[in-house]
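These protein sequences, in sequence, are chains A and B. Quick note: the first sequence, position 343, residue 343 per the UniProt record's numbering, numbers continuous. Quick note: the second sequence, position 480, residue 480 per the UniProt record's numbering, numbers continuous.
Take these hints with a grain of salt, some might be off.
SDA-like mimics (lysine to any residue), calculated; alpha carbons at most 25 angstroms apart, straight line [stated by the list, open to error]:
no.: 1; chain 1: B; residue 1: K152; chain 2: A; residue 2: R7
no.: 2; chain 1: B; residue 1: K260; chain 2: B; residue 2: E480
no.: 3; chain 1: B; residue 1: K512; chain 2: B; residue 2: I241
no.: 4; chain 1: B; residue 1: K504; chain 2: A; residue 2: H69
no.: 5; chain 1: A; residue 1: K363; chain 2: A; residue 2: T412
no.: 6; chain 1: B; residue 1: K464; chain 2: A; residue 2: A67
no.: 7; chain 1: B; residue 1: K456; chain 2: B; residue 2: P257
no.: 8; chain 1: B; residue 1: K504; chain 2: A; residue 2: R66
no.: 9; chain 1: B; residue 1: K464; chain 2: A; residue 2: H69
no.: 10; chain 1: B; residue 1: K512; chain 2: A; residue 2: Q65
no.: 11; chain 1: A; residue 1: K31; chain 2: A; residue 2: I51
no.: 12; chain 1: A; residue 1: K81; chain 2: B; residue 2: S321
no.: 13; chain 1: B; residue 1: K30; chain 2: A; residue 2: I5
no.: 14; chain 1: B; residue 1: K512; chain 2: A; residue 2: I59
no.: 15; chain 1: A; residue 1: K81; chain 2: B; residue 2: E360
no.: 16; chain 1: A; residue 1: K31; chain 2: B; residue 2: L82
no.: 17; chain 1: B; residue 1: K512; chain 2: A; residue 2: E61
no.: 18; chain 1: B; residue 1: K284; chain 2: B; residue 2: D380
no.: 19; chain 1: A; residue 1: K281; chain 2: A; residue 2: W337
no.: 20; chain 1: B; residue 1: K30; chain 2: A; residue 2: P2
no.: 21; chain 1: A; residue 1: K286; chain 2: A; residue 2: P241
no.: 22; chain 1: B; residue 1: K284; chain 2: B; residue 2: S321
no.: 23; chain 1: B; residue 1: K260; chain 2: A; residue 2: E61
no.: 24; chain 1: B; residue 1: K130; chain 2: B; residue 2: D373
no.: 25; chain 1: B; residue 1: K284; chain 2: B; residue 2: H320
no.: 26; chain 1: B; residue 1: K152; chain 2: B; residue 2: R268
no.: 27; chain 1: A; residue 1: K81; chain 2: B; residue 2: P397
no.: 28; chain 1: B; residue 1: K512; chain 2: A; residue 2: A67
no.: 29; chain 1: B; residue 1: K152; chain 2: A; residue 2: S60
no.: 30; chain 1: B; residue 1: K284; chain 2: A; residue 2: A67
no.: 31; chain 1: A; residue 1: K81; chain 2: B; residue 2: G336
no.: 32; chain 1: B; residue 1: K260; chain 2: B; residue 2: E160
no.: 33; chain 1: B; residue 1: K152; chain 2: A; residue 2: I59
no.: 34; chain 1: A; residue 1: K416; chain 2: A; residue 2: E263
Covered stretches of chain B (chain A as the covering partner; in silico rule of three or more C-beta atoms under 8 angstroms from a C-beta of chain A) [to be verified]:
no.: 35; stretch: 173 to 181
no.: 36; stretch: 401 to 407
No lab work stands behind these hints, which were simulated from the structure alone. Think of the CB as a built atom: it goes at the ideal place given N, C-alpha and C, for glycine as much as any other residue.
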Amino acid sequence: MPNFIDRRLNPKDKSLGNRQRFLRRARDELKRAINDRVRSGKIETADQDQIIPIPRKGISEPTFQRAPHSGHREDVLPGNKTFGTGDRIPRPAAGGGKGSDPSSSGDGADDFQFVLSRGEVLDLFFEDLELPDLVKHNLKEVVTFRPRRAGFTMSGNPTSISVGRTMFNSFGRRIALRRPKQAEIDELAAELKKLEGERRPSAATQQRIAVLRVDLATLARRRKLIPYIDPIDIRFNRFEPQPVPNANAVMFCLMDVSGSMGEREKDLAKRFFVLLHLFLKRRYEKTDIVFIRHTHEASEVDEDTFFYSTQSGGTVVSTALEEMLRVIRERYPSKDWNIYAAQASDGDNIPNDSERCVSILDKTLMRLCQYYAYVEIIDERESEMFRHADNGTSLWNAYREVSAEWPNFAMTRIAKPSDIYPVFHELFAKAPAPAKRG
Amino acid sequence: MENRAKSSQLLFTSSDWNFDDLSRAYDAIKEIAVDELRLDFYPNQIEVISSEQMLDAYSSIGMPLMYQHWSFGKHFVHESNLYRKGRMGLAYELVINSNPCITYLMEENTMALQTLVIAHASFGHNHFFKNNYLFQQWTDAGAILAYMEFAKSYIARCEERYGPAAVEAVLDAAHSLMPQAVFRYRRRPRLSVEREQARIRERLEHEERTFSDLWRTLPQATEAEAPREVETDMSERQSAIEYPEENLLYFLEKYSPVLKAWQREILRIVRVIAQYFYPQRQTKVMNEGCATFVHYTIMNRLFDKGQISEGTMLEVLQNHSNVVFQPSFDDPRYGGLNPYTLGFNMMRDIQRICTTPTAEDRDWFPDFAGNGDWCGTLLDAWATHRDESFIRQFLSPALIRDMRLFSLQEEASDPYYEVTAIHDERGYERVRSRLADNYDVGVTQPDIQAIDADLKGDRKLRIKHTVHHGTTLQEDTRNETLRYIQRLWGHEVSMVGIDDTTDKTLYEISTKDLGEKT
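With the rest of the complex left out, here is chain B:
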């Protein structure tokens, strides 16, 4: 306390915010972020919005620009209902992985909260977006906003030209395949909006150039030739297919026998967006943990330096503890592990292990226990891990004890759940590796691949679902989704479920048997 300076150093005194206070706070935070935490971030763009605009942003999956679709309207209604009833608070901020990094602040926030949010989003998330290998590898922060602009106007043009219903039909189907629309092992080519637009312009120009009304007047003698053309086209496509393909949307975009060029373009747009969010799905714990750790550290430093008052700090701490609140499994409020809590606790734990390790920590983490450089250790972890590997590597016995984690096994055939490991010597390893598994998208996402398509024959598309651990799919949504695939493929689609250990066929279903949708 005694090293705290006089109140003249306070960044702000009122709880209402204004732009001067904001920019003073920003500069103070930046100083700590750069000098002490050694963060590296995209330039920031901070936008103040109202609660309605926040709801708007929510419903279009957080993108500032989004094409129009009824499902966003549905989410908007849903969220605004929850909000109005007071069942859900709005996030204090929203941050977009773009360059410059856009952070939305709500106008209702107090100055203390705005400071917290700037530290959290504009520095924590921003650093993570810029440095984590997944984001570097899979997303192109510089181009995403321009690409969304293009996507929005392209789909609006399609609606004008082909009618909203036709566009909606494609989008519905494409959305249902979004989880199956990512490349997991390949580097997606860089987005370049200019190139994208040039490609489309060229295509349109070609159509216009080659269009001649005279052709219409020619007698229809070419009928015999037309099928042959289709035939060669199909065989070209057939030979280009590579099996198996787990990116179903990509597969349909490239090889569907019925889609028109604009429909393929829409699939491509949906696919690009799915790919863009793929890293976020894999780094929830780390991303939120990183941001929470950063805001916690920075706010404490601001307080230590006497730049914020006790009152502000109390408000910050109250909000912070709300964010990292983790109810126990038997609490009615329990809804799974809170990624903020897990991430934040793990990072604080790493800080502790680096500075004041116990013998157990030295045993478990010989690489960095007691190295004193917690900042470097964390920076390295943030850059080179995703949730699954981060937990597998860094979850310590001490934290397992603190959070009293235990693993529970469920076998469909058994009438009971079994506790397989708790926070004891025998259980640490198992708890840790089970938790890591549960954050592995490769494990949690069903394994579904296109394995065969006969473009020249009956044009049937065959899809294989490899069943791991006997976990099957919900039947009603599976059938609905298959119908959507059929809509995009245009012909029969069949799906077979094969158990990965026994190679037995668990189920086989074809859109022929499903009948028409009522």
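If we strip away everything but chain A, and leave its shape as in the complex, we get:
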């Protein structure tokens, strides 16, 4: 009889520490892969588990290895069919895979896949954007639950004993099992005492005394056997975790897609949208995204069209705002939805339209929106020139009025990915608790 040990219940993930060390090691590669993924993937899936291929070079473990085709070597192989001694076989063309060395033909090109959890993805994603840790923590926080009363249960901890229900049960049981009451016993005891006190008890009295004694003893035994509170009477309050009711949110992505918006501009805009979406998703149970693109006219489109298809035309920003207004009126009544809007543009607009935009925002949109963010994507060379908020494009100048008027309107210029974060800083600073939590 050997020593059998069942290890199946031992903790798993013994190699979790190794995994973390490996992640740290492959960080740069992973970050690059995730940024690529965010660039090409859908906004809504940006924070899900990701399968990331890693090229092996960043994580090689070198040792002294024999060069595969150098010098003289002689191998023994099985399964000869037609060869005779002295036969010559032409060497396959370089890289022709099958050779006589099975040992080290690995050319290291094949990537291997790595599945990252949501938390790991977010870590890597935010690292690039230089978010402070506090915000990262906030964004990753899961939905909280509130305990809600949900009846009673037989088990629980002593602090949640329901006294009322317990006594209720105990009472019923006592009646059903006919537990003698104290009053009954007292009555018999009093009678017994009275009879015993008699000077010359008659035979009938003596008999009565004997009966009373027996009865009393029976009652006392019954009382002992049927306890006042039995463990089966005890009930505990039951609590069920209930998600804190969160309101719905809708996020409007507005983007200028006229010719002046190139790949770089769209990429920056996309990153901004992704961040805003992550933020909203954390805060609200249900988030919708509406994509509105515009040139000289605006239309609601799906995500792919939004980012990848081009359309030529002029630039009339107000059309996008009107379209947004239309969608809100049709589908997202502001009493049911928290409305967030993010507009990305390079700042171009036809003359006189900017005033119109301001008036739309001022009169209606800003009253409906929780938050409106305008990001202007500029050239890195221009970022010097536009250091001061005073100079800017026509749209920028016009929006400054709105910004002065409404605290929930934020505007920034973005030239590189690391500029994106400050916009969020404003979001947190200006509207500390836009969502009603619990």
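With chain A's structure known, arrange chain B on it following the hints.
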């Protein structure tokens, strides 16, 4: 068939396993192993684990306890990916050369498979571990688990104290030198964990005892003395060095001018582990062959005795033939000679030669052909050989014909491969000796030695690679590894490649020329 007993003798009937069936099967196997095969083994400890735990065990090179390092995480990811995609099945078992001998069984296995695995690992491998001279000489089965426990906690302590990055830097470098971290000709001193721990405790206590905060307040007048101290220390070390030294990790541990005590200790740990696995590298064919032969023989005996059913036997045979499947060289599945097949075939062949030899066998193996005692012959072979000598001694012409082995020569300068020998009268000897060469670690491992280090002067370390048969090293990994050596040595490291026949210098490279790693 007629000598098979009734079904009442069956050890188990269901294909699901339970611990009662397991221990009944174990006892039946043990009876055959002891009485008929005369095996001698360490006490067994059999542990049932899940597939995730098996993957965990895989990634830490099969040890139940291992320190943490990113490369294990990498292997884990790699293996679990292969497994999930169905490209690789998990081993049904994992066995550890320790006393007691630990065997892991996967919970997914059927009862038939568990029986097979117990016969294979808990008796086959176990016997080999206990009796083979290499294992006896180089490993200390009784102490390895305790030593790993020590290694794990020591490295964890180092991480706490010096930061994971510093520890990782040392481990990375040490791992890259693992193949160059074994003594091949010297008996490694016995591991004793108690002694090991006492040594370290003593060192720490000494530090604590001699530490006095007052020293800090003394004026720094001793500066002139300090270098002299270093000087004497270095010259002591210099005189202690013995050249050449092929155990590079040992060399660095003892003589590196820059390493701190804890870093040397880590090198030592890596070195001890490399040494522990050294016999396994040399006995793959024999070890697997022995285990496969044992399970094959035992399962057949169980069947003959009526202890397992036909259904079970069919399942066993199917798994067995998967294990010993050998695709031909031109098959897309071909990935070298299967050590299970080669070992198993050779041992079955020895059994055949002992019992029913042909004239050819009597000619080739006069010592044991027809001696009738195949069991004794095998026990002796298992105990006294490694792959290289085993093949050189026991590979028979009959088996060369069966497996249709041929040898193929590759000369870097020629545009063709040449078939140098096939399974014919002229070829047997050559096929056999080439095959043996290919299992000789002395031949397959590059010959690299430390030949000079000037501790008192410029502290340059010189390494010599003796090039046999013109086989050079891959340049990129060579340079990376040299950088790692430099990290441990702290000063310039140069490497020279010398051809063993012509004595010509083929290449010379120094870490100075390599530049900083980007």
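| field | Structure versus earlier hints - violations, ascending order | value | none
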